[in-house]
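Q: All chains, please: the whole structure from these sequences, using the hints.
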Amino acid sequence: MGHVWALVERELIRFGRARMLILFTVLGPLLQLVVLGYAFGGTLHGLRLAVVDEDHGIEALRLRERAQAVAAGPGTFVAVPYADEVSALTALRTGKVSGVVVIPPGFTRRVLAREAPQVALVENNVDRFVSTALSGALKELVAGWGRVQVTTTRLPTEVALAVVELYPFVPYVQYLLPGTVVLAIFTMVMLGGAFAFMDDKVLGIHEGYLVTPVTRLELVAAFNVSGAIKAVTVGTVLTLVGMALSGVPAPLEPVRLFQALLVVTLTALALVSLMFLLLARVNDPMVPRIASMLLNTLLFFPSGAVYPVEGLPGWLRAIAVVDPFTYAVRALRTLLLQGAGLSAIAPDLLVLAATAVVALILSAAAFQRSL
Amino acid sequence: MSAVAAIEVEGIVRRFGDFTAVDGIRFSVAEGEIFGLLGPNGAGKSTLIRMLTTLVPPTAGTARVAGCDVVREAAGVRRAIGVIPQNMTSDRELTVKENLSLFAQLYDVPRRRRPALIAELLAAVQLTEWADKQVKFLSGGMRRRVEIARGLVHRPRILFLDEPTTGLDPVSRAAVWQMLRKFKAEQDLTVVLTTHYLDEADALCDRIAIVDHGKLVALDTPLALKASLPGDSLLEVSFAALPPGWAERLRALPAVERVTGVGHAYRIASADGPVTLRALLAAAEAEGVRFESLDVQHTSLDDVFAEYTGRQLRDALQEPSARESAVMAAKGQR
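Residue numbers (the working numbering), protein chains in the order written: chain A, 3 to 373; chain B, -18 to 315.
Do not rely on the hints blindly, as some may be mistaken.
As the list claims (entries may be wrong) - Quick list of the computed label-pair ranges, beta carbon to beta carbon:
#, chain 1, residue 1, chain 2, residue 2, range
1, B, 148, A, 371, 22 to 30 Å
2, A, 11, B, 114, 12 to 20 Å
3, A, 291, B, 159, 40 to 48 Å
Treat the hints as calculated values from the structure; they're not laboratory data. Every residue gets a Cβ at the ideal spot worked out from N, C-alpha and C, and that includes glycine.
A: Here it is as structure tokens:
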């Protein structure tokens, strides 16, 4: 144990002095959490919607008034009157408006005669977020309209869906938090573990160790323990600061914090041991740098960190199954946002622990105690 | 010098693919000896040291260091040796004391003995005032002294130094030499060092092995190596134009033991430099032969190196190493 502690102590002394490393691994993911969380988490406001009234009847007027009411209320769009369809479409193509609603001639007559009145929405489907928001808002507007008409005919036209939200509103920035914590752990595993390990190798510092009586297992244990300590430190800081920043309720609840620390520790151990397995026989300092870039994308995005795994195509789901990020993100999300206990995340913890043990055994076998 | 062998090397070979870095070297080093491995870059010195310090396993042959086989009893070898590698490998972010403390722990120096031992070593390498400074703030010479202290932190029986003064200024080199002599005298150390500095080998080593292209080409004391060459003086002369039979005239000069020449340039080995020089000047005067250059010197290790390898060490240092040549040949560059 003396040898392992000596090597771990050396790593921790260096870690304590590496202010830039700590700053980058903490601030980088926090910045991403705040920017990405608030950039993607909001609803769209103030889209300009061209309204072309070719009917000029009383019902068309009512529809235009309702559109104005949206602008005054939820504010999803602002209705801008256009005299004719051609100029409105030109405005859409040149980006002056985000959509065009055409109220066709005879709309009022059809409404009054109950002859399936229609309005047309021409949308710019290049931007799917905008077109989805616009068509959603308009459908709501027209649907309310339709219900009045339907009610008078007493025909059952729609099935009502009663939605009960299990948790208080969870903004996207909170949804993103578990992924950010795991990403911070990964970043430290790469910067404070893989890069440092390879730089030591290239500088000949490992050569200095190899001529001492330290054994292969002691070396592997020391690399893993020190890497995990650094990653757990950053993961814990990110969990605490991230919860406070994103407004997760009761961020200092001790039982939940302890459980989160357990997830963070197992995640760190799994990622560190996998990284050493990857680098056990590598001597080229470029390899961890390239691997870091590739793995960042390959592990983070399919894991459900930014978008539900269920929304991914089959091949990405296959990656998600073997991606340790998936289990770490799910466990943290269940714990931090759903308030569930250890029993709910036991399968995820088991996967992370098994990954750590298997990778550790394999990396110990692969590590060579010679140049 | 004790007769007990600290190191015994028997026909050791190391190949990297098709390239043979060390080719059947055999020698032994007595306890308490300073043993030098002299040769140009790529001669195989570092590979030899790496095999003796258990970093690289030999392809064939055996070596015993401090009575332990370098392959089968590697752990025993590691406990007995201190190693100062070619590259300065102390941790730049750690302080001098932290570096020494780390290695004291890796070598199982008992906790209670560490402070006194480290203080003693720091004083010996004159770095006491720098103990709490990070290594990155030290000069090259000071960093080398940290390495020496680090290599001695567990009081090893045998110290290996791979090119210990490469890249140091003359003052720092002299300081390193002085420290090595002191440690050797005080601690009864056996020292094995590689160098391509002839003056270093001459000044420090009890015996020198000349290594070239992975083979041991000569092994003896510096004095004996120099004495093995004909004469104790060497005249290097070049002439503007030569009369017929001039080489024979040179060989006939008094005290001359050997004459070798290329074109108008000759190397004349003499048992009595001044006598041969006077006769040479007289003969040239009589024949009307004009000198282009004339240099007289005592036989040096460079001459020994030239004798055994066929080229000057300073020239050999400019050549690509054997391994580099092999790589270049493979790439079709030669």
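Q: Do the Cβ positions of residue 148 (chain B) and residue 371 (chain A) conform to the proposed distance bound of 22 to 30 Å?
A: This hint holds: roughly 29 Å between Cβ atoms.
Q: Is the distance from the Cβ of residue 291 (chain A) to the Cβ of residue 159 (chain B) consistent with 40 to 48 Å?
A: holds, 43 Å
Q: Between residue 11 (chain A) and residue 114 (chain B), does the C-beta distance stay in 12 to 20 Å?
A: holds, 19 Å
In this structure, none of the earlier numbered hints is contradicted; all agree with it.
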